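There are 2 protein chains.
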Amino acid sequence: MTKLRLGYIGLGRMGKPMAINLLKAGYPLIVYNRSHGKVQELVNLGALAATSPKQVAAESDVVFTNLPDTPDVLAVALGKDGIIEGAHEGLICIDNSTIKPSASREIYAALKPLGMSCLDAPVSGGDIGAQQGTLAIMVGGDADALEKVMPILQVIGKTITHVGGPGSGQVAKAANQIMVAAQMVAMGELLIFAQKAGANPRKVVEAIKGGAAQCWTLDVKPQRLFAGNREPGFRSALQAKDLNIIMETAREYGLSLPSVALDNQLYAALCAMDLGELDNSGIISIIETLNNEALRIDEE
Amino acid sequence: MTKLRLGYIGLGRMGKPMAINLLKAGYPLIVYNRSHGKVQELVNLGALAATSPKQVAAESDVVFTNLPDTPDVLAVALGKDGIIEGAHEGLICIDNSTIKPSASREIYAALKPLGMSCLDAPVSGGDIGAQQGTLAIMVGGDADALEKVMPILQVIGKTITHVGGPGSGQVAKAANQIMVAAQMVAMGELLIFAQKAGANPRKVVEAIKGGAAQCWTLDVKPQRLFAGNREPGFRSALQAKDLNIIMETAREYGLSLPSVALDNQLYAALCAMDLGELDNSGIISIIETLNNEALRIDEE
Numbered sequence: 000m001t002k003l004r005l006g007y008i009g010l011g012r013m014g015k016p017m018a019i020n021l022l023k024a025g026y027p028l029i030v031y032n033r034s035h036g037k038v039q040e041l042v043n044l045g046a047l048a049a050t051s052p053k054q055v056a057a058e059s060d061v062v063f064t065n066l067p068d069t070p071d072v073l074a075v076a077l078g079k080d081g082i083i084e085g086a087h088e089g090l091i092c093i094d095n096s097t098i099k100p101s102a103s104r105e106i107y108a109a110l111k112p113l114g115m116s117c118l119d120a121p122v123s124g125g126d127i128g129a130q131q132g133t134l135a136i137m138v139g140g141d142a143d144a145l146e147k148v149m150p151i152l153q154v155i156g157k158t159i160t161h162v163g164g165p166g167s168g169q170v171a172k173a174a175n176q177i178m179v180a181a182q183m184v185a186m187g188e189l190l191i192f193a194q195k196a197g198a199n200p201r202k203v204v205e206a207i208k209g210g211a212a213q214c215w216t217l218d219v220k221p222q223r224l225f226a227g228n229r230e231p232g233f234r235s236a237l238q239a240k241d242l243n244i245i246m247e248t249a250r251e252y253g254l255s256l257p258s259v260a261l262d263n264q265l266y267a268a269l270c271a272m273d274l275g276e277l278d279n280s281g282i283i284s285i286i287e288t289l290n291n292e293a294l295r296i297d298e299e
Numbered sequence: 000m001t002k003l004r005l006g007y008i009g010l011g012r013m014g015k016p017m018a019i020n021l022l023k024a025g026y027p028l029i030v031y032n033r034s035h036g037k038v039q040e041l042v043n044l045g046a047l048a049a050t051s052p053k054q055v056a057a058e059s060d061v062v063f064t065n066l067p068d069t070p071d072v073l074a075v076a077l078g079k080d081g082i083i084e085g086a087h088e089g090l091i092c093i094d095n096s097t098i099k100p101s102a103s104r105e106i107y108a109a110l111k112p113l114g115m116s117c118l119d120a121p122v123s124g125g126d127i128g129a130q131q132g133t134l135a136i137m138v139g140g141d142a143d144a145l146e147k148v149m150p151i152l153q154v155i156g157k158t159i160t161h162v163g164g165p166g167s168g169q170v171a172k173a174a175n176q177i178m179v180a181a182q183m184v185a186m187g188e189l190l191i192f193a194q195k196a197g198a199n200p201r202k203v204v205e206a207i208k209g210g211a212a213q214c215w216t217l218d219v220k221p222q223r224l225f226a227g228n229r230e231p232g233f234r235s236a237l238q239a240k241d242l243n244i245i246m247e248t249a250r251e252y253g254l255s256l257p258s259v260a261l262d263n264q265l266y267a268a269l270c271a272m273d274l275g276e277l278d279n280s281g282i283i284s285i286i287e288t289l290n291n292e293a294l295r296i297d298e299e
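Going down the list, the sequences are from chains A and B. Here the first sequence is numbered in numbering that gives the first Met the number 0, starting from 0 and rising by one per residue. Here the second sequence is numbered in numbering that gives the first Met the number 0, starting from 0 and rising by one per residue.
Only chain A is shown next, with the shape it has when bound in the complex (with noise of 0.2 Å):
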């Protein structure tokens, strides 16, 4: 049986470890990217390089895109030189990206009449699970389609769930990001009431990690940031675009989300303060100016 020929287009922090994976696992593997540097660097190990998404298309069997907003999704799938001028019977277009649920419907929708199919598949586990292959995806669009792609998804991810029809892996997506963006206000809320409160944060933390305010965010961000490190991980700039496309989501089906809203402010704030680039957990830096109290860093 020949191995499906896959392109890639987006070879950014997420994505070129993505492409590096799948070529690693043997796939004839062909590669688009605005700038042309990352190319070259999967040309180097084997890769092919297109002067256009459209001639990635027509000499794929799968092509995943991986960008980093709603637009960039929808030039590269819809728009002219786009994987629909290279459409042909039977391309599957996975995409990796996190944008709008609704845009992801309307490629879906686009690219279905010309035998395409499409799958929204955003991740989750930051570019050190892009790196090791663990991702967790999101998966909406046609059982049949994943079914097929499947073996090739596991080269990339650990966990692969079928939400549902097109837009679904958006949706839980976005979903993800409603929880993780709420944890992330949460604790840099409870750090510095605790320590303003005359408690000792660590302590505190301690306290409470094993109980019913028990999550991931808990168990791994407050030793980060008692050591003072409030470096990627996940950038707050990305969170801050996650939330936006929930708000503009919510907006399209009418939506009151007070929690994403107020989350999506302060995001808002911490990227205005030019902290965009830190780790989704420096929103405490908001928490931290607005109560003009600084989390101390201990040697503990």
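These are computed hints drawn from the structure, not numbers from a lab. Being a predicted model, the structure only gives us computed values, none of them experimental. Hints are not guaranteed to be accurate.
[Said to hold, decoys possible] Away from chain A, derived, C-beta distances all over 10 Å, residues of chain B:
#1 G11
#2 L22
#3 K23
#4 V42
#5 T50
#6 E58
#7 K79
#8 A86
#9 H87
#10 K111
#11 Q131
#12 D141
#13 D143
#14 E230
#15 L237
#16 C270
[To be verified] With a Cα cut of at most 27 Å, we get these calculated DSSO-like pairs of lysine-lysine:
#17 K147/A x K208/B
#18 K37/B x K79/B
#19 K23/B x K53/B
#20 K240/B x K195/A
#21 K147/A x K2/A
#22 K147/B x K202/A
#23 K208/A x K147/B
#24 K23/A x K147/A
#25 K147/B x K53/B
#26 K208/A x K240/B
For each residue, glycine too, the CB sits at the ideal point set by N, CA and C.
Got chain A sorted already, so can you dock chain B onto it with the hints?
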């Protein structure tokens, strides 16, 4: 070695099973409760009945209190016929209530000069944890007093953490409730978001619960909500009360806590709708009301 004589004041939903566990562990126990019916239950199991907190204090080596709110604890500790009137050298007071940290410190400061030591020791784990003796106990106060009563606390709790000086246990409990409330509200929003945006909320939870959003709340609560079960667990009225305590404490310390303020208002709305008897996950009722959309109960 003679067993320490224990007193228990406040035989409510939490206090009664905790007092029963102490009795079953073989400690002599004298109890007081405003309504007499519950006192009689304990007397039937071998406890003595007191006519006032003062009498409990006078006839005990260690006095527990477990009362609804800050004013109740202040009255029982420092008011007429209160513990202070039965104070004696070496008496240790353990308050299992969830109250304002500043009130715990006030009680500590008032009773310390009388030769007493006070531990604020709020608990987490609900009435089931109280019955099974598996509570998490967050302790503020003197380390030597805690050391003396540790074998007793191990009867009622599984995890006992000394957080710091007086009030620190209450600060930890407040911090716990900041995170729990944030997760409950976010869970309500993400479920209604997922449903309105066209995905199956059950599948969405399945896709996200193992990743960065992982928390005890998502592990345990959605399946109850999907089954139409909003019974406590932990009552929303108490979640609302605890958020009030945090906001009052924030005002005492001049703290700005945007997400706590929002969660406080949402739980206030739930209580205003006479839904305070729901589980704290019942906050989704407010998100449903805001969006005129009920979470679908499915049969899976």
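**Message:** Check the structure against each numbered hint from earlier and tell me which ones fail, lowest number first.
**Reply:** none
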